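Peer 1: Sequence:
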Amino acid sequence: MPPFEQLRGVPKDIESRVKAGLRLMENRVDLVMVHRDADNVGSLARREEIAGALGKTAAPAWCPIIPVRMTEAWLLLDETLIRQVAGNPRGKAALGLPKLHEAEKVADPKELLRSALLAAAQSTGRRRERDGKRFNQQRRQLLERLDRHGPVSKLSSWQQLLTDVDAIAT
2 MPPFEQLRGV PKDIESRVKA GLRLMENRVD LVMVHRDADN VGSLARREEI AGALGKTAAP
62 AWCPIIPVRM TEAWLLLDET LIRQVAGNPR GKAALGLPKL HEAEKVADPK ELLRSALLAA
122 AQSTGRRRER DGKRFNQQRR QLLERLDRHG PVSKLSSWQQ LLTDVDAIAT
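Its first residue numbered 2, the sequence shown is counted upward by one per residue in the numbering used here.
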């Protein structure tokens, strides 16, 4: 992934980001992966948005990454990992995590994940305040450790991602 932080002032629309990324990588790119949450507009609308934006660039092959709500919905399925990342693997506090069939329907998975991480840490006072500021780092750790063959593999948005990747790889 290109270090976008080196390109201050690049608009956050897909076309601008892809063009900036291609410049940054000196057009030595084999595949562009574009992440856009489906949110309330749906997966098909996001696919069309991505295709339209990439049609205006010199991007080579591309693959959409479109979680049904937010990427965080994929991270709500592994209670053990959430407890580990929160720094309290033996904790017993209720985390309020959804069942597998509910994960893609959670209204605000990012906020639920934030709450679950804080609950899992079971910290109080200043430590809880400090733990609350670690959300982005913890989310990154959860993504890096995501069990691709675990419960997430049963979600429709994950299955679509694998189909898209397979289509490009073959």
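Treat the hints loosely; a few may be bogus.
Here are the simulated SDA-like cross-link-like pairs (lysine to any residue), alpha carbons at most 20 angstroms apart as the crow flies [what the hints assert, rightly or not]:
id : residue 1 : residue 2
1  : 100       : 134
2  : 57        : 32
3  : 106       : 158
4  : 106       : 151
5  : 13        : 106
6  : 13        : 24
7  : 111       : 57
8  : 134       : 158
9  : 57        : 40
10 : 13        : 49
Note that these hints are calculated values from the structure, not bench results. Small disclaimer: the values here were computed from a predicted structure and weren't measured.
Peer 1: So which hints don't hold here, by number, going up?
Peer 2: 1, 5, 7, 8 and 9
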